[in-house]
Every structure is written in C-alpha cells, then in structure tokens.
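K.L.:
Chain residues, written in single-letter form:
2 protein chains.
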Amino acid sequence: MSAKPHFERVALMGLGLIGGSLGHAMKRAGLAGHVSGYARSVETRARALEIGFIDSAHETAAEAAKNADLVVICTPVGALGSVAAEIEPVLKKGAILTDVGSVKMAVVRDVGPHVPEGVHFIPGHPIAGTEESGPDAGFAELFDGRWCILTPVPGTEPQALEKLSAFWTACGSNVDVMEPRHHDLVLAIVSHLPHIIAYNIVGTASDLEAVTQSEVIKYSASGFRDFTRLAASDPTMWRDVCLNNKEPILEMLGRFSEDLTALQRAIRWGDGDALFDLFTRTRAIRRSIIDAGQDIAAPNFGRNPTHAKAADEDDVQ
Amino acid sequence: MSAKPHFERVALMGLGLIGGSLGHAMKRAGLAGHVSGYARSVETRARALEIGFIDSAHETAAEAAKNADLVVICTPVGALGSVAAEIEPVLKKGAILTDVGSVKMAVVRDVGPHVPEGVHFIPGHPIAGTEESGPDAGFAELFDGRWCILTPVPGTEPQALEKLSAFWTACGSNVDVMEPRHHDLVLAIVSHLPHIIAYNIVGTASDLEAVTQSEVIKYSASGFRDFTRLAASDPTMWRDVCLNNKEPILEMLGRFSEDLTALQRAIRWGDGDALFDLFTRTRAIRRSIIDAGQDIAAPNFGRNPTHAKAADEDDVQ
Ligand SMILES: NC(=O)c1ccc[n+]([C@@H]2O[C@H](COP(=O)([O-])OP(=O)(O)OC[C@H]3O[C@@H](n4cnc5c(N)ncnc54)[C@H](OP(=O)(O)O)[C@@H]3O)[C@@H](O)[C@H]2O)c1
Ligand SMILES: NC(=O)c1ccc[n+]([C@@H]2O[C@H](COP(=O)([O-])OP(=O)(O)OC[C@H]3O[C@@H](n4cnc5c(N)ncnc54)[C@H](OP(=O)(O)O)[C@@H]3O)[C@@H](O)[C@H]2O)c1
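So the protein sequences, as listed, match chains S and R.
For the first sequence, full-length UniProt numbering assigns the number 1 to the initial residue and increments by one for each residue that follows.
For the second sequence, full-length UniProt numbering assigns the number 1 to the initial residue and increments by one for each residue that follows.
In case anyone wonders, no lab produced these hints; they're calculated from the structure.
Since we're looking at a predicted model, the values are computed, not measured.
Possibly wrong hints are sitting among the right ones.
To be verified - Here are some, though not all, of the chain R residues that point toward chain S, as calculated from beta-carbon distances under 10 Å:
1) V186
2) I189
3) S222
As the list claims (entries may be wrong) - Selected chain R positions facing chain S (in silico; Cβ < 7 Å):
4) E132
5) D136
6) L185
7) Y199
8) T280
C-beta: ideal position from N, C-alpha, C; glycine also.
Construct the complete structure from the given sequences, taking the supplied hints into account.
P.N.:
This is the structure:
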C-alpha cells in the first residue's frame with residue numbers, strides 16, 4: 001500500500017451523502033489542509049459547515065474549486081458536466097479532477113471536454129452508499145472495507161492515478177482500476193438492475209386494487225420490506241443513472257426478463273425440479289459475499305434483536 | 001387481549017426454523033405442559049431435544065401427535081398433507097390442529113380431508129422468518145411484533161379460534177383473521193413475488209459471461225447483496241410455495257412484468273419525468289413500514305457500524 005497522501009486544498013462539489021462522507025473520511029485520516037465545499041442550496045452549504053466536514057463554503061463551484069489540488073465532483077450524474085464547465089477556467093495546473101458518479105462512460109463524455117491541459121482527470125466511483133441523501137446522511141466509515149473503482153482515460157499519468165488511489169485507500173476503501181465501459185456493464189447488474197427492480201416491485205404493489213396498502217405494510221416482513229430500502233433511494237440520482245447508462249441497463253433488463261419468463265413457465269407447468277434447481281444454485285453466492293466481507297452473516301441482516309449480537313461475532317471471523 | 005392460554009400437550013410436526021422458534025416461544029411464555037416433536041431425520045430430532053425446545057422426540061408423526069391438545073404442522077407446504085394423513089387416526093377429540101405454511105388454500109385442500117370429526121382445524125401463517133432453516137435457526141423472539149394470519153374455514157368454533165389467537169399473541173404476535181383465498185393473494189405480492197424476483201436476479205447475475213462472479217461479489221454492496229439474502233432461503237420451502245400458490249403468483253408476476261416493460265420503455269426513450277415520478281412515488285411506503293414497526297429505520301438496515309446505534313434509537317420512537 002502506498003504512503004498516506006496529503007492535499008493542501010481539496011474541493012468538494014456537492015455536499016450530500018457521498019460528498020459529506022468524503023469530508024468526514026478526510027478529516028478522520030487527516031488527508032487535507034483545507035476542504036472547500038460547494039452545493040446548490042444555501043441550506044446545504046450552511047449545514048455542511050455547521051457539521052464541520054468542510055472548512056469553507058462557497059456560493060459558486062468556481063470559487064470552491066479555485067486553488068484546489070484535488071477536486072471531487074459529488075453531484076448527481078446529470079449535473080457533472082455543468083459543474084465541470086463552470087470550474088474549467090479556475091482549475092489549477094497539476095490538480096487532480098475526479099468524481100464519484102455511479103456511471104462512468106457518461107462522465108468521460110460530459111466532463112472530459114472541460115478538462116484543461118495539465119489537469120489530471122480520473123473518473124471514480126466508490127461502491128458504497130445508503131438509501132439516504134443530503135449533508136446529514138454522510139459518515140466517515142461509509143467507505144471502510146468497500147471498493148472504489150477508478151476508470152482512468154488513456155494517457156493518464158501513473159503518478160496521479162497512484163495518488164488518487166492512495167487517497168481512497170486512506171479513506172478506507174480498496175481500489176480497483178478498470179475501463180469505463182466495463183464499469184458501466186458491471187454496475188448495471190450489481191447496482192442499477194437491483195434498484196430498478198426494487199422500484200418496480202414497490203410500484204406494482206402500490207397499484208393493486210385487491211390488496212390494500214395497509215396489508216402490504218403490515219405483512220412486509222415476509223420479504224417485501226427488503227426491496228423498499230433500495231426503492232427509497234434518491235429519485236434524482238436514479239433518474240440520472242437510468243438516463244446515462246441506457247444500453248447496459250437495457251441489456252441486463254433483457255436478460256432478467258428472459259430468465260423470469262422461463263421461471264414463470266416453470267411455475268405455470270409445475271416444474272418442481274427446475275424451481276428447486278434454480279433456488280439451490282443461488283444460495284452459494286450469499287455465502288461468498290459474506291466471506292468477502294461485503295455483507296454481515298446474521299440472518300435478516302441482523303434485524304432480529306437476539307441475532308444482532310451473533311452477527312457481530314460472525315463478522316469477526 | 002385474551003388471557004394467556006395453556007395447553008397440556010403441544011405437538012410440533014417439523015422442527016426447523018418455525019417449529020423451533022415456536023418451541024422456544026412456548027417455553028419463554030410457559031404455554032405448554034409438554035412439547036412433543038417429530039421431524040423426518042433422526043439428526044433433527046436429536047438436535048431439537050438437545051437444544052431443548054421440545055420435551056420428547058418421536059420417530060413417527062402419529063406418536064408425537066398422540067394425546068396432544070394442540071398440533072402445529074411446521075413442515076414444508078408439500079408435506080403437510082401426508083403428515084395430516086399420518087396423524088389422522090390419533091388426533092384427540094377437541095384438539096386444535098393448525099399449521100404455519102406459507103400458502104393457505106393448498107393447506108385447506110390437502111389437510112382438510114384428514115381432519116376427524118370433533119377436531120378444530122384452523123390453518124395459520126406467522127409472517128416472520130429468516131433466510132435460515134433447520135433446528136438451530138429458531139429463536140424465541142422471531143414472532144415478536146410480527147403478524148400471524150389465521151384463515152379459519154367455515155364452521156370453525158369461535159372458542160377454538162380465540163384460543164389459537166391467544167396462543168399466537170402469547171408467542172409475541174399480533175393476530176389477523178382472513179379468508180384463505182385472500183391470504184394467498186396478499187402473500188403472493190408481499191412475500192412470494194419478492195423471493196421469486198430475488199432468486200431470478202441472482203440467477204441472471206450468475207449466468208453472465210461479460211461480468212465475472214468475483215466482480216458480482218466484490219461490488220455487491222451497491223445493491224445486489226440485498227437480494228442475495230432472500231435468494232439464500234430454503235429451496236424446498238420455496239419450490240413448494242411456487243407449486244401450491246400458482247394462480248396468485250402468476251397474476252402478480254404478470255403485473256410486475258407489465259410494469260417493468262413500461263419502465264424499460266421509459267429508460268429506452270429517455271423519459272426522465274416518468275422515471276422521476278415512479279422513483280418518487282415508491283419512497284413513502286418505506287417510511288410507513290418503519291412507522292408500523294415492521295423494519296428498522298437505520299440506513300442500510302443498520303449494517304454500517306456507526307449507524308447501528310442510531311438504528312436502535314430510531315426504533316424506540
Ligand atoms: N447514494 C449512493 O448510494 C451513491 C453511491 C455511490 C456513488 N453515488 C454517486 O454520488 C453522487 C452524489 O450522490 P449522493 O448520494 O451524495 O447525492 P445527494 O446526497 O443527493 O447529494 C447531492 C449533492 O449535489 C448537489 N447538487 C444536486 N444537483 C446539483 C446541480 N444541478 N448542480 C450543483 N449541485 C447539485 C446537491 O446540492 P443541494 O443539497 O443543495 O441540493 C447535494 O449537495 C451521484 O453522482 C451518485 O450517482 C451515490
Ligand atoms: N422460513 C420462513 O421464513 C417461514 C416463515 C413463515 C412460514 N414458513 C412455513 O413454515 C414451514 C416450515 O418452514 P421452516 O422454515 O421452519 O423449514 P425448515 O427449517 O426447513 O424445517 C422444516 C422441518 O420439516 C421437516 N420435514 C421436511 N420435509 C418433511 C417431510 N416430507 N415429512 C416430514 N417432515 C418433513 C424437516 O425435517 P428434517 O429436519 O428432518 O429434514 C424440518 O424439521 C413451511 O411450510 C414454510 O412455508 C416459513
């Protein structure tokens with residue numbers, strides 16, 4: 001692992017869950033001399049300053065980005081391009097410009113044209129989050145043990161990549177490097193499809209006439225409640241993801257629907273062996289996720305009072 | 001609420017997650033003079049006795065059910081009928097016969113014909129569970145604050161219904177009464193569809209060529225991992241549910257697919273407003289589920305270390 005990096009001045013563009021968590025993580029590890037912040041609303045800027053995960057708040061993106069050695073754009077994907085355009089004139093030679101957007105080809109497309117000569121543009125995406133948003137949602141531990149994917153464009157200076165890598169490591173992450181196109185395909189299946197499916201099933205359940213909303217809520221512990229967490233995520237963020245990762249998402253949706261049609265057929269024709277087969281095959285993957293430290297072992301995600309303790313013990317193994 | 005009930009002798013047919021949890025819950029509340037147990041395998045019977053949630057283990061269902069005042073069948077749905085046939089000759093006059101199966105019309109169909117004159121048959125379904133199974137998976141608190149649905153058939157004696165209701169209340173549940181047919185429709189959307197969709201998406205992710213299994217596992221914290229919990233549930237149980245609640249499940253799958261086609265279209269045509277609309281509409285339901293005490297408020301189901309504490313505080317509100 002590389003030595004702990006230090007930046008004189010870091011600028012956060014967007015002060016919500018991810019921007020906020022980055023601010024907290026930088027403070028925890030002492031990675032920045034000064035953290036300047038920009039957000040759209042005066043309320044968010046004031047709150048971020050009050051919480052203390054930034055040292056100064058600015059009314060424009062350009063003011064916040066001025067003199068920064070590291071600029072991290074943490075807005076929804078649809079706003080990355082306009083923020084980049086706004087800060088283009090003030091970006092310092094030698095600075096690293098990165099982002100945390102959930103898609104990467106669109107970032108290369110939208111931010112790329114606004115990167116001045118001598119600025120190191122390295123798109124990134126921390127694979128960590130919660131269903132909450134806004135400046136109060138962030139916390140220093142969000143990235144601990146999670147992965148951060150960097151998707152450098154051709155010609156990226158190895159030293160800049162290494163420094164940004166060390167930065168994310170110091171924030172608690174493991175770092176992977178891959179092509180933007182591959183990132184978007186991988187994320188389409190591990191993140192975008194799950195969210196879209198969750199939104200869809202919650203929508204379907206809300207629209208029924210024969211089953212009331214109150215029944216759905218009362219009996220949700222039988223499975224449904226798990227989907228409502230993802231379906232409570234920020235609508236702007238997810239609209240932007242869907243609009244900006246269209247092809248991979250449609251590809252994954254196509255495969256999902258095909259598989260679902262086969263499953264539906266097995267149910268219709270009472271093919272117990274096919275059902276048993278699929279339901280057995282899918283078990284192993286959860287064990288691997290737990291072994292990889294990407295989820296806790298406790299049943300019900302540890303939500304059962306007595307099992308919460310067992311969870312922590314399991315986690316330590 | 002009715003007075004705490006007491007049964008001289010309770011028989012549990014099936015000693016897995018639900019049978020075991022019932023045993024623990026009865027011991028906790030002192031609801032039975034003696035709990036006899038039956039399970040298919042000698043290992044399960046021995047383990048249940050060792051853990052102590054039953055007082056005696058029996059090699060046949062009939063032996064275990066003999067002289068019982070309350071018999072609860074806790075096997076997978078596909079085995080309920082054969083267990084009922086086996087115990088039919090020994091069931092005591094005046095005894096209550098119930099079950100915990102996840103579908104109810106099929107139970108009326110399969111168990112109904114084996115109920116002797118004078119035995120009170122009241123199908124039931126506790127809306128509580130985890131992704132684990134077997135005799136070690138159970139715990140006394142499983143039913144606390146969850147709902148138990150009873151689906152009495154026409155002609156059920158009110159006193160028997162009241163006694164079984166009081167039993168579940170004493171095990172920690174809230175009790176609802178509804179028609180078996182309505183139960184199966186409600187559960188198709190709140191439980192069966194979520195599990196089927198979870199199994200399906202995990203299957204889709206496992207079959208990709210362009211994204212490796214190891215990538216799916218590493219980056220699963222971005223959404224996918226939530227589905228793997230449901231998809232790690234017992235294959236036999238879920239095969240039996242699919243085989244025995246066909247029509248309602250196919251009806252819900254049809255609606256889900258229709259909605260997904262519309263959503264897919266919105267993504268294909270870049271209809272940001274339609275996407276934003278759906279993604280906004282689905283948020284409220286999670287709040288209602290939390291307010292109803294059916295899930296915890298903490299982000300990420302409380303899996304983030306620092307947020308676990310906040311979760312408990314929220315829960316108390
Ligand atoms: N949430 C996750 O789980 C997650 C995980 C990994 C990556 N990401 C990515 O991280 C980024 C931020 O997500 P988040 O969850 O931190 O969102 P968030 O909590 O909603 O915060 C977004 C921030 O961006 C600002 N903003 C929004 N629209 C803007 C605009 N048009 N121009 C300038 N600023 C704008 C907001 O300002 P105001 O507060 O003033 O509105 C807010 O400070 C997104 O690109 C997302 O794809 C999210
Ligand atoms: N899991 C949930 O979340 C949940 C929630 C509500 C209701 N339910 C319902 O509760 C019932 C039991 O589920 P569970 O989770 O407790 O299952 P489980 O942990 O797998 O236990 C099933 C028990 O039934 C026995 N059994 C299995 N097949 C049998 C057969 N053909 N004949 C006789 N006994 C047999 C098993 O014996 P061996 O151990 O010897 O194999 C075991 O003791 C199912 O009807 C299910 O639909 C489940």
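K.L.:
Please check whether I189(R) passes as an interface residue: C-beta within 10 Å of a C-beta belonging to chain S.
P.N.:
Holds: closest Cβ of chain S sits about 5 Å from I189(R), inside 10 Å.
K.L.:
Given a cut of 7 Å on the nearest C-beta pair, is the interface hint for L185(R) held or broken against chain S?
P.N.:
6 Å, holds
K.L.:
Should the interface hint for E132(R) be scored as holding, given a Cβ-Cβ cut-off of 7 Å against chain S?
P.N.:
Result: holds, 5 Å to nearest chain S Cβ.
K.L.:
Classify the hint on Y199(R) as holds or violated, based on whether any CB of chain S lies nearer than 7 Å to its CB.
P.N.:
The hint holds - Y199(R) has a Cβ within 7 Å of chain S, the shortest such distance being about 5 Å.
K.L.:
Regarding the hint that V186(R) lies at the interface with chain S, is the smallest CB-CB distance below 10 Å?
P.N.:
5 Å, holds
K.L.:
Does the CB of D136(R) sit less than 7 Å away from some CB of chain S?
P.N.:
Where the cut-off is 7 Å and the nearest Cβ of chain S is about 11 Å from D136(R), the hint is violated.
K.L.:
Just to be careful: measuring from the Cβ of T280(R) to every Cβ in chain S, is the smallest value less than 7 Å?
P.N.:
5 Å, holds
K.L.:
Was the hint right that S222(R) lines chain S, CB cutoff 10 Å?
P.N.:
At 4 Å from the nearest chain S Cβ, S222(R) passes the 10 Å test, so the hint holds.
In summary, the structure is inconsistent with hint 5 from the numbered list given earlier, while agreeing with all the others.
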